[in-house]
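Asks: All chains should be built: construct the whole structure from the sequences, respecting the hints.
Spelled out, the chains give:
There are 2 protein chains.
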Amino acid sequence: MTITETNSQVQQWTNLAQQLRVDSIRCSTNAGSGHPTSSLSAADLMSVLMISYLHYDFDNPKNPNNDHLIFSKGHASPLLYSMFKAAGAITDDEFMTYRKFGSRLEGHPTPVLPWVDVATGSLGQGLPIGVGIALAGKYLDKLPYHIWVLLGDSETAEGSVWEAIDHASHYKLDNLVGILDVNRLGQRGETELGWNTAAYEARVKAFGWNAIVIDGHSYDEINSAFARASQPNGSPTLIIAKTIKGKGVSFLENKEGWHGKALSPEQAEQAIQELKPVRSMIFPVQKPAPAQLLPKPAKKAVDLPRYDGKEAVATRKAYGDALKALGAANPDVVALDGEVSNSTYAEEFAKAYPDRFFEQYIAEQQMVAAAVGMSVRNRIPFASTFAAFFTRAFDFIRMAAISRANIRLVGSHAGVSIGEDGPSQMGLEDLAMMRTVFGSTVVYPSDANQTAQLVEQMANHGGVVYMRTTREKTPVLYAPDEQFQIGGSKVIHQSNNDQLTVVAAGVTLHEALKAYDQLRDQHITIRVIDAYSVKPMDEETLLAAAQEAGNKFVVVEDHWPEGGLGDAVIDVFTQRDGPLPQVVKLAVQSMPGSGTPAELMEEAGISAHHIVEAVNALLRGI
Amino acid sequence: MTITETNSQVQQWTNLAQQLRVDSIRCSTNAGSGHPTSSLSAADLMSVLMISYLHYDFDNPKNPNNDHLIFSKGHASPLLYSMFKAAGAITDDEFMTYRKFGSRLEGHPTPVLPWVDVATGSLGQGLPIGVGIALAGKYLDKLPYHIWVLLGDSETAEGSVWEAIDHASHYKLDNLVGILDVNRLGQRGETELGWNTAAYEARVKAFGWNAIVIDGHSYDEINSAFARASQPNGSPTLIIAKTIKGKGVSFLENKEGWHGKALSPEQAEQAIQELKPVRSMIFPVQKPAPAQLLPKPAKKAVDLPRYDGKEAVATRKAYGDALKALGAANPDVVALDGEVSNSTYAEEFAKAYPDRFFEQYIAEQQMVAAAVGMSVRNRIPFASTFAAFFTRAFDFIRMAAISRANIRLVGSHAGVSIGEDGPSQMGLEDLAMMRTVFGSTVVYPSDANQTAQLVEQMANHGGVVYMRTTREKTPVLYAPDEQFQIGGSKVIHQSNNDQLTVVAAGVTLHEALKAYDQLRDQHITIRVIDAYSVKPMDEETLLAAAQEAGNKFVVVEDHWPEGGLGDAVIDVFTQRDGPLPQVVKLAVQSMPGSGTPAELMEEAGISAHHIVEAVNALLRGI
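Going down the list, the protein sequences come from chains A and B.
According to the numbering used here, the stretch in the first sequence is residues 15 to 636, in order.
According to the numbering used here, the stretch in the second sequence is residues 15 to 636, in order.
Hint data in this document are derived by calculation from the structure and do not stem from the laboratory.
None of the values given here were measured: they were computed from a predicted structure.
Incorrect hints may have been included.
The list treats identical chains as interchangeable, and a pair is accepted whether it falls inside one copy or across any two copies.
As the list claims (entries may be wrong) - Dumping the calculated DSS-like pairs for lysine-lysine here, alpha-carbon to alpha-carbon at most 25 Å:
1. Lys186 with Lys275
2. Lys275 with Lys365
3. Lys186 with Lys219
4. Lys487 with Lys275
5. Lys310 with Lys76
6. Lys487 with Lys114
Replies: So this is what it looks like as structure tokens:
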């Protein structure tokens, strides 16, 4: 660039940065809340990015070549929305609806806005999700787009950020650029590391990243940093920008007590005067170069595995088999696992389709985040680990629902029936956790053929979809051609004189079937329902059972009593007229230890023997 | 040491190490499951530690001067239990009950054994908990004990390990020594970093730790490393030991496919022969030097804050006030917060008792782990953040229950009633999450005086105790002297002709009271119950209400429909004779955005207006 070009370039960056600052203040003051000072610190960084490095087609947010910009520090939403306005994507009128009821411009960004990939606001999630998008970009799309992630300094305390840093380095994600806004001040005072940019530098370098320390308000330094960061060199880059919180407004700069506070109208006026207001300008953003998605093999019909019933099969094994079959049929299916793929059986897929399998090591937060990132790039991700260890990623699962992500999670080794390993490995709260996720779907198959069909359905189902699988081998109950669907159930035993209904799913269904036989010998006829679709529950079948079988239920589950299958069954009967049924919940009521699966199910009170006792007691009147 | 002494020392280390190896194989082969090879890799490390550096009084596990030994790689339990046997703490007979039903020697260690501080087995938790104990040791107990944490290499992928590494450095925890068993092989093949000990070294050094890289089978190197690590120098130390999985047995050494597999009896025999068996020896462990706990100020009666009702008060503020009062009365009360103490109001305590407040920055897993560590050292920890962000630590909370830890968690900013910040900040699944934790207690106060009393009760209550607080200021409903207890409830409105009962808690109670007034104007009398103790629920009061008020309930909560207050109320009526009452649950049914608290509660269907409608509909028959 000539000096004149440079000057005009700097002028443009300045103009945009000051406009972003003014707008960040305007919208938050109008809302009466928000984080203007956290926006001001990053305005220069975002101005240079937007004008000179971002490639994004705001008219076509689905353009596969678009860069991805994630505000991991979601509270800087005034800055992000100011950028959308400056890009001409939203009008000033809409811009000023920030944080108002019904506005798309929520307090923290969500994909209600078409230019936002994922919801942020729970700190430490943007970078791990960026890793997922970068994996898709580098290894699946093979397109040159960049993933730019703006991080706050406080959020680097989250371990999930280090999971992302570790994985980005391991996978050589040089399409990923983190921009760390080191403004020194957190919500309640100085951050742990303050302005110690050298500490950040040393840490990320030790993890194999490029680190570029700059003054986050020097356009020269910002520009060179982005120029370097956009050149692929086999490693991800973190731009570590020393910034000033509230930059540009004298009474805000580097002052404590201003986090998450809007300025009063008078303060805002004064601030805007200081910022030398420019008019509401539109700044063109470079569109991405035309590029083509790689041709993909055509989708084929899924050739699911079939189990003839001669041998018992663990549903976790059927999951692996079915996932592999899905992989053969649909090139968009990808799999992730938390270094337990030989236990979850995701390894069946990994061996067959190593290019679409991404080992996430023992980092469940990163694994779920990567699945969300894959969903952003329209893949069909299945992520697996032990059911118990999904609790590690609950915040990510919760946020995935706000992100409107389509992810499939599969938790193996559920319940006390895993046996000797003991309670740390037993998923006993997974159903409660997954049921309470907004818009979620939860299935829990009891048999290999059922598992296979449900895996296929999961691929075509939106939202957060969870499958619980069983460690132990269990008998095959159903023929390969029997049909199962999300929202369905199977009535396994039914007669005209059923006295009571037992509802079970997964491993306890096998106990219920044993109980059925024992009760038949006692001349007690029960209905047995396989409620493999825990959410949504098959209401019709349960309502019919209530009417036809004495309005009495025993529900049995390998889970704590709260929030699982029992509550899902009962929930069908709330919100309705008429007398509600009697329901006895059999669930795990004491802390298990080690033992055989049979010993532990007996101890927990969820074995066939306990079902028989509960049925008898309920029929007698407890 | 003289050469002879050295030789005899090495012989002793060798003897113990080989005995530990033999026993690790014996017990796992007898159990038919377990992780012998992961035990063998660390046997030399643990032998030197036990003979020469550990100070522990096995006869008195409550001795405050005892060191703390945490197996973060809990699957190496055969090694740990072999050490207990070698120390004479358990007999060989008990030792051989490993993984059997009813045995204290579970698949992964739990505090069912008196020498085990905390349950491990969910990887990446031992070091964060060690940080908590080390904080107590250095800053509260001020005793010279060490915390030794044995880590596996795979688990360093967990972000929580880096939260711990960061915090240990920040707090200069030179009483904490990590021992990283880099045996290269994870569950399903090579770990991410394999034997790249230099990578581990660079990473932890960048975080401010001392790092000592050694051959984990060279007694010389192990001994010098422990010698250096036990000298306080202002920083925590990680001993990075390159080891061989299966060390000592030719057909196991560095072989894939042996993770988590017991040897057959024949294989075990062969292995034991190779290991040149020593007899079952007892190896004396050094007892800690006598030391005294610091004298503590005597406990005093708690002088709780009193709210006269002239002004509305947020329950989160009352939490802060009460916690401060508790701090004045009881020197064992400590507080932790995730860098939001000015929002949770933990800052009231922090300002008054800075020596007992531990800032955990935005690292919720570390925060809960530190609370568990404080519980190990008999403190009364209160840990606070936004309700939503406790989801980040669910795995730690779940494990805290298995650890039989006594911790108090306080989540502010619950529900849509937080307003403009949007869904990422709204705790809408916290009640479901906390209710499904084994042995947990959940309270959700509606008023400042109630909050204060419940905070006091939490301090005296065991297990995982959770309080949900509200962001907004709400009217004070109760007099300062009114009594509330865990397990109780308050009937606010009651008459002889109640047609229906509305149950609410926290912010929705205020809506229920408005609804009561509106319904009274319509000549509809309802009972209103403040169910501030969500778990355990006051069964008696609810049963009476069912009987006296039409067997109909409307339950209203600022939470997703699954697993919250509504389900807690319904649960009272399961397991009982007679049909269930009719229950209508009002809960948040759609994804909220931003808006005022009132707009969002109206939109969610949990405002007074919706309660009135639901009551009318239920009385009409829906």
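Asks: Honestly, which of those hints from before does the structure not fit?
Replies: 1
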